[in-house]
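Number of protein chains: 2
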Amino acid sequence: MSKYWSDVVKKIQPYVPGEQPKDQKYIKLNTNENPYPPSPLVIEAIKKAADEALRLYPDPLCTSLVSSIADYYHVSKKQVFVGNGSDEVLAFGFLAYYNQGDRILYPDITYSFYPVYSNMFQVDYDLVALGSGFELGVEDYLKKNDGIIIANPNAPTGKLLSLEGIKTILEANMDQVVIIDEAYIDFGGESAVGLVNSYSNLLVVQTMSKSRSLAGMRIGFAIGHEDLIDGLNRVKNSINSYTLDRLALVAGAAAMKDQDYFQETCSKVIETREWVSKRLEGLGFEVPRSSANFIFAAPSRIDAEELFIKLKEQGILVRYFNQPKISGYLRISIGTDQEMTALCEAVAGIQESVVTGGQ
Amino acid sequence: MSKYWSDVVKKIQPYVPGEQPKDQKYIKLNTNENPYPPSPLVIEAIKKAADEALRLYPDPLCTSLVSSIADYYHVSKKQVFVGNGSDEVLAFGFLAYYNQGDRILYPDITYSFYPVYSNMFQVDYDLVALGSGFELGVEDYLKKNDGIIIANPNAPTGKLLSLEGIKTILEANMDQVVIIDEAYIDFGGESAVGLVNSYSNLLVVQTMSKSRSLAGMRIGFAIGHEDLIDGLNRVKNSINSYTLDRLALVAGAAAMKDQDYFQETCSKVIETREWVSKRLEGLGFEVPRSSANFIFAAPSRIDAEELFIKLKEQGILVRYFNQPKISGYLRISIGTDQEMTALCEAVAGIQESVVTGGQ
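Protein sequence lines, in the order shown, are assigned to chains E and D. My numbering numbers the first residue of the first sequence as 1 and each following residue consecutively. My numbering numbers the first residue of the second sequence as 1 and each following residue consecutively.
Certain hints may be false.
As the list claims (entries may be wrong) - With a Cα cut of at most 27 Å, we get these calculated DSSO-like pairs of lysine-lysine:
no. : chain 1 : residue 1 : chain 2 : residue 2
1   : E       : 22        : E       : 312
2   : D       : 48        : E       : 48
3   : E       : 3         : D       : 78
4   : E       : 257       : D       : 47
5   : D       : 48        : E       : 257
6   : E       : 47        : D       : 257
For the record, the hints were derived by calculation from the structure and aren't laboratory data.
Please model the complete structure; the sequences and the hints are all you need to start from.
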C-alpha cells in the first residue's frame, strides 16, 4: 500500500489470471485456450502486414476488422465495437452504461472478473445464486436492477442459458443494459446476436481468444444497437484512441473470414469434450453438460484440490477455484485428443494410487 | 445521446486523433509518426513470433519487454510498467494516483488528452497558463494541488523544460504524483528517468510510437518507484490482464535492443528538423525552438488555417488547432528530407500565390 495510490486502488482486489508457465513442459489445460493453431490465413496476414507501415498509427476506426465481424453476423458496421480482448470491452461497458452506485446483477458463480470491474468502477452488485445444478434462474433477473451481466455459456460451469431465457430477461429490463458475455458461445450455444435488432438494451460480447485460437492477439468485440456501440466508442476515445495494433487488426479480420477452418476446429474441440466427459464420468466424476471449450468436473474418488496438485506434479495444469460451492470441481480446458488422453490416464493413475494408499 | 449511457459518458468529449487517411496519397505530417521504418530486428522478431503460439495468452507480466526497458535505462524490472501505448499508461495513471474531485495541474496548452482523461475519471484540474513564448513557469507548480502532469517536451509546442525545473517541481510536491510525459524526449531532451531513484513521487511515461517508429504496435511504458508501478499494475489487472499482444511484446523488446538504429534515426529526424526550422524562418514563419519530432510554426504571410487547408489540397497533411493562443500556428511533423523539401516548396508556392492574388 502506498500513500500515492488513489482510494479506489487501495481497495481493489485485482483479477488473477490462470498461470502462464514460461517453460513449455506442461500440458496446459488451465486457461481455456484453443489447442489448435490460428488459421493459416491469420499467420499469412500478419507476416504480410509486418512491414514499414508499423511506423504509422493503426486505423482508429478499425474498419477492416469491424467490417469482417459485421459481415459474418449480418449486422451493420455501426453495430460492432472492437477492443483489446473481451476483458477490455467488458470494462468499457461498465464505464459506458453503469453509474457509480448503480446496483447490477450477475450470478454468484460466474466469470470472476465481474466483481473486479464492479469494484474498480464503484458499481454495486447483487450476486444472484445459481441453482444446485448451476442453472441460472431467469425469474431472479426480473427484479429491480440497474444492469445485468450474464456469461453464456457460463464460466466456469459451461452451462448454457436458452435464448428464450435471455429474451425474458431482456423484455423485463428494457431500461437498462443487459450484457451477454459469449466468450464460449461457439462451442455449442446459439448466439444472442440475432436478437440485437429487436432489443436495444442488449450488448453481446465475444472474443477471438477461444474459438478463433487468438488468445495471444487480444481481440474482443461487442455487437448491439448503434447507440450502445457509440457509448463504447466514447469511452474508448476518452482512454486510448487505438487499442488494437495493426497486426491484431489484420489477424482478426483474417480469422473472421476463414469460416471453414473455424468450423473445423470448433467441431474437433466439441468432439473431444464429449468423449472426455464420458471418460471422466467413468472415472467417477460428476460432469455437468458443458457447452464450452472446457468441462467443469467434480471427482468423487479424490479431493479436487488434491487432484489439482497431483496433476500439476505430473505436468498437467488445470484450474482449481478455492471458493464456496465450487471447491469440489476442477475446470479442465479441452486440449487435443492426445493431451486429453494423457489427462485421463493421469487421473486414473492418481486415483488408483490414492485408493491403494500410494503403492 | 442514449438513455442507456452512464452519466459520465453523456458528459465527456472524447479525444479526436489526427486524421489517418486510408489512401496513401498524402505526405503525412499530422500525427508525429516517425518517417523511418522500425528497426529490421523488429520486423524479424514479429515474423518469427507469428506462429501457432498465438493461440496462447501473452505473458501477463510482459517480462521480456519489461526487462529490455529496465536494461536500457538501468533500473530494476519492478520500476517498469508497460501498456497499450502511452495513452493507456496515462489513463491508468489517473486511476492509480488521483481521486475523483482531486484538483490536478497541467498547462493550458499541452497534450489535449489530459482534460479528456480528467473528465472521464472525474478528476478536477486547473489549467496553468504558459508564458507568452510557451515557456512553462516552474513557480506556477509550487501551489497546492493533488497531482501534476507535464509533457516534456511539451505538445504541441515542442518546448523543453530543464531537469532542474522538474526537480524543483518534484521537491515541492512530495505528497502527490508528478507525471512527466516524455513522448518526445528522444528528439533532444534529457529524460527524467535518472531522477526516479531520488523522487518516489515521479512517474516518467514514454512511448515507442515516435522515436522507435512503432506507432502501429501500441507500446507505451512508465518508469518510477516500484510502489507507483505496483499501483499501475493493480489498475491494469482490474481492467484487462493482457493489454499487449504477443507480437507487440516481441516488437518492443527488439526495438529497445537495437540502440544503433534508434540513435541513427533519431539523429536524422533532428537534423531534418533543424534545416526545416531555418527554411521556414526564411519563409517568414516564427519557429519556436523544438526539442521534438515536430515543429510548431506560425506563418506571417498567410493565415495558419488557410495554409493548413491549402497544404491539404496539395496532398500535405499537417495539424491545425482551432484554439485560443495557438490558432496562428501549424504543428508539422518531421518527415524525410524529401517530404520536408516538398512541404517547404508547397508553402513557398502557396504564399507566393496569395501575395500575388492567386495568379
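Hint by hint, which ones does the structure fall short of?
-> Structure breaks no hint.
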